[in-house]
Amino acid sequence: MPDHAMTAAVAHQFDDRDQQKEAGTLGMWLFLGTEILFFGGLFIAYCVYRIKFPAGFAAANEMMDVTLGGLNTGVLLLSSLTMALAVRSAQLGKRVSSFTLILVTMLFGLAFLGVKGIEYYHKFAEGLFPGEGFRFEGSLSRQAEVFFSLYFMMTGLHALHMIVGIGIMIVMAVMTWRGRFSPQYYSPVEIAGLYWHFVDIIWIFLFPLLYLIHVHT
Amino acid sequence: MNTDAAAADVNYLNNGRTIRSWLLTTDHKRIALLYLGSIILFFFVGGFFALMMRLELLSPDGDLVQADTYNKLFTMHGIVMIFFFLIPSIPAVLGNFLIPMMIGARDLAFPKLNLLSWYVFILGGSISIYVLAAGGLDTGWTFYAPFSTTYSTTKVAPAMLGIFITGFSSILTGLNFMITVHKMRAPGLTWFRLPLFVWSIYATSLVMVLGTPVLAITTLMVFFERMTGIGIFNPAIGGDPLLFQHLFWFYSHPAVYIMVLPSMGVVSELVATFARKQIFGYRFVAAASMAIAVYGFLVWGHHMFVSGQSVYAGMIFSILSYLVAIPSAVKVFNWTATLYKGRIWLQTPLLYAFGFIGLFTIGGLTGLFLAAMAVDVHLTDTYFVVAHFHYIMVGGAVMGFLGGLHYWWPKITGRMYPEGWARFSVLVLFVGFNLTFFPQFLLGYLGMPRRYYHYPPEFQVLNVLSTAGASILGIGYLLPMIYFAWSLKKGKLAGANPWGASGLEWQTPSPPPTENFPVTPAVVEEPYQYPSEEEVARA
Amino acid sequence: MQGLTSDHVVPLRVYFLVAIALFVLLALTIAVAHIDLGPFNIAAALAIAVVKMVLVVLFFMHVKYSSKLVALFAAGGVFWLAILFMFTLSDFLTR
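Sequence lines, in order, name chains A, B and C.
In terms of the working numbering, the first sequence has 1626 at position 155, counting the first letter as 1, and numbering is strictly consecutive.
In terms of the working numbering, the second sequence has 612 at position 221, counting the first letter as 1, and numbering is strictly consecutive.
In terms of the working numbering, the third sequence has 79 at position 35, counting the first letter as 1, and numbering is strictly consecutive.
These aren't lab readings, by the way, just hints derived from the structure by calculation.
Be careful, since some hints might not be right.
[As the list claims (entries may be wrong)] Listed next, the stretches of chain A that the computed footprint assigns to chain C, with coverage defined by at least 3 CB atoms under 8 angstroms from CB atoms of chain C:
1) 1493–1500
2) 1551–1557
[As the list claims (entries may be wrong)] Subject to a maximum C-alpha distance of 30 angstroms in a straight line, what follows is the list of computed DSS-like cross-link-like pairs (lysine-lysine):
3) A:Lys-1587 to C:Lys-112
4) A:Lys-1594 to A:Lys-1523
5) A:Lys-1587 to A:Lys-1523
6) C:Lys-112 to B:Lys-732
The model shown is predicted, which means the values in this text are computed figures rather than measured ones.
Beta carbons are placed, not taken as given, at the ideal position from N, Cα and C, and that holds for glycine.
When you get a sec, could you build the whole thing from the sequences and use the hints?
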């Protein structure tokens, strides 16, 4: 079977593989920088409204399931570990190990989305989606509606990024299985890993901000 | 290497003549032309709306169009001109074409991403055209909440989608440029040997990459507020419209630097070439570009002085807005110092550079008027503001774009434009521009509000002057389109370096071959190494 | 040519230690949330989140083993976000 790794081409605009790898890595970091600002708009909105509506946010928080949120956080942290290990295996030329770890990472991602789906289902059923069907007891209902507007936008956007991440993992898995990577050429896996870790980091912040506002009663 | 030979037999233009070879190209030079064609079309669309507005404003009463229609006119004029003409203009056309050539590279770092950027631009543009056809948008290009989110009955959601998508074209282009400049410079090409155009595009790219995502999330929030019950800006549940304004202007102020920084970069190139002299204070000009890019992110609240924003925040933004003028002024002074005792060669591109320097200075100074909170309270939302930004955007950015287009036209097409007609057009443009917009300073000062379709009769004379100027301006824009098209077949063959300019892009044939340089050049000296007066006299 | 991102292979031990640290911090953040610290609850939660982020960035994302340029790019986005935060809050907190 031809060694795809050795014939993996350097794109014509680059002089050598190092330059290609560095350009790709820097490019992904720059893209992640744009993502920080993209999510950042929602974070500042959250910040402003939490300052304005402390009671409303606390009241809304009581509808959040800390167990599921904490579980999801753990799942993502594990997925980051397996992703880092997958990159390491690719670096060491361990095709099967890398492939398995990418698959496990994907499964963790799907598990995350599954739990999120359950949470969303409950929220919809309880009438917590903002808009005409919104139901919330008490005088803080309007403030709670703002909280849930932010909750759905932030976690929704995050989930979308997870889905894209899983798509990228599928591609990485297929390429790994086909032996495209080697210790000389594994940067796509590393770059995909950067994206995955970033999505994890966003959740690292979403969890305390959305689930842990007012756990003590 | 630096020959006056005719165009290379196989160049990027004739290397593949099918439509497919153009629509699937990854050659940065072809992509630049794809963008050029697209933005010209959008320019016509935006210009048409401007024409309709100026026709309405010929008379004090609202008699040409209805108020609602007028709202749509100024909204669509703004959106099309800003997002689909000015923001892409120099970066996507001249930046795409020149950056790899100026740094001795074969292409950008990510050529396929470059093509994707153009398709994303077209997709966003198509959605916006759909919005136009479906009745237009009436929120102003600034689509403030809660009018945009709750009360407007026009197609806000698709418009937000269109702008959201188009934003990614900007982000991806900026990302491509930045990585290219970091990683693909020729051997010996250190940062401080880069042409100033590259510095300015790099600075612009920084703004595109860091600012546009915030616009993206803002449009997304408005989109979801229109389509679902999500109400982040909804005052009925406690949402704060000012939050929208902060998020919107966080991008939209730096956006004006996206529009003007590249033009400044062009002017640096033009002044150096046509004064036959090194740019005075090269490092300061480079630093000034970066300073403008960074600093431009700190001043957005000057669009919100009367919005209900805290007075203390207003004061901070006001002072910072004064300071942001400094690096711009540094550039103007350095260009002037470069011209002083230079061997001036009065060609059309230099005329455009002069136009830029003069008109940008006026626009910039009037910005200082507006930066003073106490003055802004009276001038905000009047024609003074309209005149201010048109002096910068049109008198500045568009003039720079046209100057660059004329300067690099021989490189892009291998042909010269007719100099006589070109000079005449600059004159027409300059006269038309000032006649259109100077009266608007007066109108604003006298109190005429912007975005109104009628006005008190005492303002009519100035409005008529402005409309007359606009028709002259229109002719000034049409003329280059005609003679540029003419030059494609009938223009004089240009040769590699018709201007005798320094810079790697002039080391290639005109038009260049697809791969730009058969051998990667090595750079051994600073840019703009023109011989001094003494050296010329001795020769 | 000295690479931006070295081909340094991170030892397994490091990855596992970081993972353990992340889980400890997760437990910590949940635990702290159950104690009423008033305004310091949010500060603690954010501080812990920042530490987790730094661990992921330095070790999982290899910034510790990469060049200064990568670190600059990584920090740049955060810095710019800080600008958005600071100036927006300068309005909301002083009304």
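Quick rundown of the hints versus the structure:
1. 1493–1500: With 4 residues in contact (Cβ-Cβ under 8 angstroms with chain C), the coverage given for the region 1493–1500 of chain A holds.
2. 1551–1557: Held - the region 1551–1557 of chain A has 5 residues with a Cβ nearer than 8 angstroms to chain C, which meets the minimum of three.
3. A:Lys-1587 to C:Lys-112: violated (37 angstroms)
4. A:Lys-1594 to A:Lys-1523: OK: Lys-1594 (chain A) and Lys-1523 (chain A) at ~24 angstroms, within 30 angstroms.
5. A:Lys-1587 to A:Lys-1523: Since the Cα atoms of Lys-1587 (chain A) and Lys-1523 (chain A) sit roughly 28 angstroms apart, the hinted pair holds (cutoff 30 angstroms).
6. C:Lys-112 to B:Lys-732: violated (43 angstroms)
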